[in-house]
Amino acid sequence: MIFISKILFFTSHHGFYTVIVLLLFFGLLSFLTKKAWLLAPILPLAILNGFAGQYLNAWFLNQYGVESIAVITSDVETNSTLNDMYIHDYEAIVKNQNGKYTPTFFSTTTASIYPIENAIRIPEVEKPFPVKYIPGYEKNIVILYYQSEAGKNLLRYEKLAPVNSARIKYETDRTNKEFIQEYSAALEEYLQLYDDPEYKNKLEELKKESNSSR
886 MIFISKILFF TSHHGFYTVI VLLLFFGLLS FLTKKAWLLA PILPLAILNG FAGQYLNAWF
946 LNQYGVESIA VITSDVETNS TLNDMYIHDY EAIVKNQNGK YTPTFFSTTT ASIYPIENAI
1006 RIPEVEKPFP VKYIPGYEKN IVILYYQSEA GKNLLRYEKL APVNSARIKY ETDRTNKEFI
1066 QEYSAALEEY LQLYDDPEYK NKLEELKKES NSSR
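In my numbering, the protein residues as written are 886 to 1099.
Think of the hints as simulated: they come from the structure by calculation, not from any bench. Don't take every hint at face value.
Said to hold, decoys possible - Listed next, the in silico DSS-like pairs over lysine-lysine satisfying Cα-Cα at most 30 Å (straight line):
#: 1; residue 1: 1037; residue 2: 985
#: 2; residue 1: 1012; residue 2: 980
#: 3; residue 1: 1044; residue 2: 1054
#: 4; residue 1: 1054; residue 2: 1037
#: 5; residue 1: 1024; residue 2: 985
#: 6; residue 1: 1087; residue 2: 1037
#: 7; residue 1: 1012; residue 2: 891
#: 8; residue 1: 1037; residue 2: 980
#: 9; residue 1: 1062; residue 2: 1093
#: 10; residue 1: 891; residue 2: 980
#: 11; residue 1: 1092; residue 2: 1054
#: 12; residue 1: 1044; residue 2: 1085
#: 13; residue 1: 1085; residue 2: 1037
#: 14; residue 1: 1012; residue 2: 985
#: 15; residue 1: 1044; residue 2: 1093
#: 16; residue 1: 1024; residue 2: 980
#: 17; residue 1: 1092; residue 2: 1062
#: 18; residue 1: 985; residue 2: 891
#: 19; residue 1: 1024; residue 2: 1037
#: 20; residue 1: 1054; residue 2: 1085
#: 21; residue 1: 1087; residue 2: 1062
#: 22; residue 1: 1037; residue 2: 1012
#: 23; residue 1: 1044; residue 2: 1092
#: 24; residue 1: 1012; residue 2: 1044
#: 25; residue 1: 1024; residue 2: 891
#: 26; residue 1: 1087; residue 2: 1044
#: 27; residue 1: 1062; residue 2: 1044
#: 28; residue 1: 1054; residue 2: 1093
#: 29; residue 1: 1062; residue 2: 1085
#: 30; residue 1: 1054; residue 2: 1087
#: 31; residue 1: 1012; residue 2: 1024
Input sequences plus hints: build the corresponding full structure.
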């Protein structure tokens, strides 16, 4: 497992050097066997690693790694961009099973994050966040973003979106029964996930209002 983790760390963090290794490996193999077709996998593997290297690393670490915590110690904005956003280089420390910390690094484009999605979410500097790694090679980590405080806050904010939408409709026309029902349903769904006294009271008010209007 440690060997696989080291390989995945290298391929996901060093894309250019991975291409060089592929060229040398398949080039030598082709030379020794006198088979030119062995050069064919180089380009597909290089492209595949560029698009999916991080995702494969994230899946592997989440599947077989052990959970711990890490802290970002440095966040440096580079001159390079991705989707019109500046790429950042990060340094971090990871807590080992013996309680000591191991330094590591990643960037906006090389960070492995779970769950796998088309978004790059990095926790804040100085704030501990959950990660997974293979014991013996703590340098290679996957960020469990939605288990971090920032991730939990983001999830809660996203769950509030339908509640706020329904609230605006209701406050615009409090006599509309459909708006009252929509607001009530949104609150009930939200309260199944989060215990919020304010929204509980509002839901009770809506139920009383709905009963009185019948």
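Each hint, compared with the structure:
Proposed proximity of residue 1037 and residue 985 is supported: the alpha carbons are some 27 Å apart, at most 30 Å. Proposed proximity of residue 1012 and residue 980 is supported: the alpha carbons are some 13 Å apart, at most 30 Å. The straight-line distance between the Cα atoms of residue 1044 and residue 1054 is roughly 17 Å, inside the 30 Å bound, and the hint therefore holds. Only pairs whose Cα atoms come within 30 Å are accepted, and residue 1054 paired with residue 1037 is accepted, the gap being roughly 27 Å.
Simply put, residue 1024 and residue 985 have alpha-carbon atoms about 13 Å apart, close enough for the 30 Å limit, and the pair holds. Restraint check for residue 1087 and residue 1037: satisfied, since their Cα atoms lie roughly 23 Å apart, inside the 30 Å limit. Taking the CA atoms of residue 1012 and residue 891, the gap is about 26 Å. The hint holds against a cut of 30 Å. Using a Cα cut-off of 30 Å, the hinted pair residue 1037 and residue 980 holds, with the two alpha carbons roughly 21 Å apart.
Among the hinted pairs, residue 1062 with residue 1093 is consistent with the structure: their alpha-carbon atoms are about 13 Å apart, no more than 30 Å. Taking the CA atoms of residue 891 and residue 980, the gap is about 18 Å. The hint holds against a cut of 30 Å. At most 30 Å may separate the alpha-carbon atoms for a hinted pair to count; residue 1092 and residue 1054 meet this at roughly 17 Å. As the CA atoms of residue 1044 and residue 1085 are separated by approximately 15 Å, the hinted pair is consistent with the 30 Å bound.
About 21 Å separates the Cα atoms of residue 1085 and residue 1037, which keeps this hinted pair within 30 Å; it holds. This hinted pair checks out: residue 1012 and residue 985 have alpha carbons roughly 17 Å apart, not beyond 30 Å. Distance restraint check for residue 1044 and residue 1093: the Cα-Cα separation of roughly 24 Å lies within the 30 Å cut-off, and the hinted pair is therefore satisfied. Between the alpha carbons of residue 1024 and residue 980 the distance comes to roughly 10 Å, so the proposed pair stays at or under 30 Å and holds.
Among the hinted pairs, residue 1092 with residue 1062 is consistent with the structure: their alpha-carbon atoms are about 11 Å apart, no more than 30 Å. For the hint linking residue 985 to residue 891, the alpha-carbon distance of about 20 Å falls within 30 Å, and the restraint holds. Between residue 1024 and residue 1037, the direct Cα distance comes to roughly 25 Å. Compliance with the 30 Å bound is thereby established for this hinted pair. This hinted pair checks out: residue 1054 and residue 1085 have alpha carbons roughly 19 Å apart, not beyond 30 Å.
Between residue 1087 and residue 1062 the CA atoms are separated by roughly 16 Å; this keeps the pair inside 30 Å, and the hint holds. A distance of roughly 14 Å separates the Cα atoms of residue 1037 and residue 1012; the hinted pair therefore holds under the 30 Å criterion. Of the pairs offered as hints, the one joining residue 1044 and residue 1092 holds, with about 21 Å between alpha carbons and a cut-off of 30 Å not exceeded. Distance check on the hinted pair: residue 1012 and residue 1044 sit about 24 Å apart at the alpha-carbon level, within 30 Å; holds.
At most 30 Å may separate the alpha-carbon atoms for a hinted pair to count; residue 1024 and residue 891 meet this at roughly 9 Å. Our distance criterion of 30 Å between C-alpha atoms is met by residue 1087 and residue 1044, whose separation comes to about 17 Å. About 23 Å separates the Cα atoms of residue 1062 and residue 1044, which keeps this hinted pair within 30 Å; it holds. Restraint check for residue 1054 and residue 1093: the C-alpha separation of about 18 Å stays at or below 30 Å, so the hint holds.
With a C-alpha separation of about 19 Å, the suggested pairing of residue 1062 with residue 1085 holds against the 30 Å cut-off. Between the alpha carbons of residue 1054 and residue 1087 the distance comes to roughly 15 Å, so the proposed pair stays at or under 30 Å and holds. At roughly 18 Å between alpha-carbon atoms, residue 1012 and residue 1024 fall within 30 Å of each other, so this suggested pair holds.
Violated hints for the displayed structure: none, as all numbered hints are satisfied.
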